[in-house]
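Chain R is already provided as a structure; the job is to place chain A on it using the hints.
There are 2 protein chains.
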Amino acid sequence: MKLQTPKGTRDFLPEQAAKRNYIFDTAKAIFRLYGYLPIETPAMENVETLMGKYGEEGDRLIFKVLPRGEKLTNAIQNQHIEKSVEEALKYDLTVPFARFVVQHQNELHFPFKRYQIQPVWRADRPQKGRYREFYQCDVDVVGSDSLLNEVELIDIINDVFQKLGVEVLIKLNNRKILSGIAETIGAHDKIIDLTVALDKLDKIGKEGVIKELKEKGFDDESITKLQPVIDFSGNNEQKLEKIASIIGHTAIGQKGLDEIQTILAYSKAKNIVIDITLARGLNYYTGAIFEVQTKDFPSSICGGGRYDDLTGIFGLPNVSGVGVSFGADRIYDVMQEANIFPDTLNQSLEVLFLNFGENESKNCLELATSLRQIGISCEVYPDTAKIKKQLKYADTKKVRWVALLGETELANHTIVLKNMLDGTQQEIPMTQLIPFFNKK
Amino acid sequence: MKLQTPKGTRDFLPEQAAKRNYIFDTAKAIFRLYGYLPIETPAMENVETLMGKYGEEGDRLIFKVLPRGEKLTNAIQNQHIEKSVEEALKYDLTVPFARFVVQHQNELHFPFKRYQIQPVWRADRPQKGRYREFYQCDVDVVGSDSLLNEVELIDIINDVFQKLGVEVLIKLNNRKILSGIAETIGAHDKIIDLTVALDKLDKIGKEGVIKELKEKGFDDESITKLQPVIDFSGNNEQKLEKIASIIGHTAIGQKGLDEIQTILAYSKAKNIVIDITLARGLNYYTGAIFEVQTKDFPSSICGGGRYDDLTGIFGLPNVSGVGVSFGADRIYDVMQEANIFPDTLNQSLEVLFLNFGENESKNCLELATSLRQIGISCEVYPDTAKIKKQLKYADTKKVRWVALLGETELANHTIVLKNMLDGTQQEIPMTQLIPFFNKK
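As they're listed, the protein sequences go chains R and A. Just add 40 to the spot in the first sequence (first one is 1) and you have my numbering. Just add 40 to the spot in the second sequence (first one is 1) and you have my numbering.
A portion of the hints provided could be inaccurate.
All copies of an identical chain are treated as equivalent in the list; a pair is satisfied when it fits inside any one copy or across any two copies.
[As the list claims (entries may be wrong)] With a straight-line Cα cutoff of 30 Å, these simulated BS3-like cross-link-like pairs (lysine-lysine) come out:
| # | residue 1 | residue 2 |
| --- | --- | --- |
| 1 | Lys68 | Lys480 |
| 2 | Lys310 | Lys295 |
| 3 | Lys480 | Lys203 |
| 4 | Lys480 | Lys308 |
Hints listed in this document are in silico derivations from the structure and should not be mistaken for laboratory results.
Isolated chain R (complex conformation):
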């Protein structure tokens, strides 16, 4: 038997789990400060809830669940296995959230602000940094089209990364600007080709983009008009002026410009960079588009935007929403590489009482109970193993203090505390143990 997890999935050992929890707990604490509430949806959705929502490629990557019992027997006989599938594993948190909002619309209070931290599954070809099971950490507001929500989400992004110690840049775009550009160059029907090409500017450069546009049937005139967009540089103000000069005459383009200007005016963030090549699943976003990057890391670690009709697919039109998704795995990698996880995450235990025998350990159990009552984590080593072995355990568990209560100490009502950081030790009266740790 292969002793391993399925392809593309992982176990998390204590150190990794603690670090991941640190990222999630930090994010959650911030979300709560802004009034966001937790929700959860099941791992499985009815298959029809998911199919057709992620494009053809997405549909293929959805994990489906094998029918059971008679249903399976019939399906095999009639060779319609795929049609008999009832459940599938969720592919992202967004579509299940849309289903959730529509299903529970009468139980929710709008604007509804929620966060959701759960795993999702994609039958993608696994590669470095890409897994078949990974966590998404989403925060969304639905039922309000105020741009204050966008401003708030930018604040949240900055608070989370500041707390984590990760320096970030927030790229900002607006779908309406992309529409304005398409309209300006007379390629209204080719907006997807246009933005897919623009989105690659970082990777394939100006020449590459122009080549791709030509291949997609853009004529020379359009491409000439596009030139200033591709040659885009300067600070935000200069960029806004330049965009205005190109697309300001289109109603939709001007709307996009206004929205960006409002967000910049309200936000206290200094790290917003306008990037009109930013698209991120354009079909979905209708207004602001965000993407968060950190230097020295190629892919984005957080992203999102405004969507005006997400719940429409489930029969509830005209509910506007905006949200961002934090990429836990990538944030983990960035923090790991920069070595900025707090050291305390490694220190899983404050005090280990060594085990010198029945009588001694009975006393240690009592002392351990008292320590826990003041919030100090501690263990009594369960076996009367060799002291060397017990000390090795203390080392591997990165214990802060080792407490020794042998026959002599028991007789003298004392206890020896060994500081595992500097190796020093001191003997104190047993009654001073709690005061000693209370002072720390």
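Positioned in the frame of chain R, the structure of chain A alone reads:
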């Protein structure tokens, strides 16, 4: 399209999610005080890791994942769908944990103390309180056969339920006592039938148990010998004496008695009740067996025991472990019914700034930032909606304070705070807002 979650699965709305998180967070904090470390395993396991571990009935209830791509096409053509399945959803946390321990044995430090809080899936017929997706919350020590671990787990059980405000009774048994009974009545080969019948004493009474034993082929002599076991009553000491008089002559029975006596001697718990009818998946436990009950609730809310050969199925023999599993759903139901969740869980927001317009809300955004910096959760209502609507939102969100900053207040550099508990309001200088909440 059916707007619902798959059969037997549930969404958790904010209030439910907050209450569930409260249970998990409480348990986690206690686990950490005892030096337990978090781990996670994937939702899916390789199907051969799970199959054959839960009996025939269990195997049938495992959710399998449909093969994809060419594998599916071939499987359909050759009608060997089930054999082509590669992944399945985990059925419990125990078997994946055993796989984890064996796979990572060289990365772990023994005794290894871990907790794990994750969902599991069973294609059971859904009914009240039984779901197809539910969370397990497990805490185990592997690699130590010291009874101090059992004592520690009892302490943990008591600490968790005390913190949650749930009064519990801990039933304690030992597989060796059950073996001793089987040996005494000469039914060594029928230990499973015997314990399955005894396990039902609560439900079907003495007559029922005797009837079932007869049906299973126990002769009158055996049943007569069993009588004192069935008529079992008294306090722990009396029970131990009685058991000793019946099975004390068997080596295995005496060993079980010794173990129970040691646990009782070391434990400070006053709520342990010996119950020799307790079996709980006997095939699996080899020593202590625990089950936690609360009055007025029929099913157990926590249970576990000692298993001496769990990792043996994955090729690592002689690793003893002991652990308990907290039943989150049932604990939730008990707490909900007793109405003992803290009120503060409902209060998701401290301060709501009403939105009176562009200028005012810009100021509110700044005040909100300052409040969050001192840990006060707050929101600026995103839209300039009617005040009545904004106040209704404050009500539904159970906001503690509503802050009003209109044109007049803005001119006077003041802000009005409305106490939503008693309806009183006060106007304070804007500069006093932070000191006001700092004092709270």
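Against the structure, the hints:
no., hint, in the structure
1, Lys68 - Lys480, "both (28 Å within a copy, 23 Å between copies)"
2, Lys310 - Lys295, "within (23 Å within a copy, 70 Å between copies)"
3, Lys480 - Lys203, "both (25 Å within a copy, 24 Å between copies)"
4, Lys480 - Lys308, "between (38 Å within a copy, 27 Å between copies)"
Violated hints for the displayed structure: none, as all numbered hints are satisfied.
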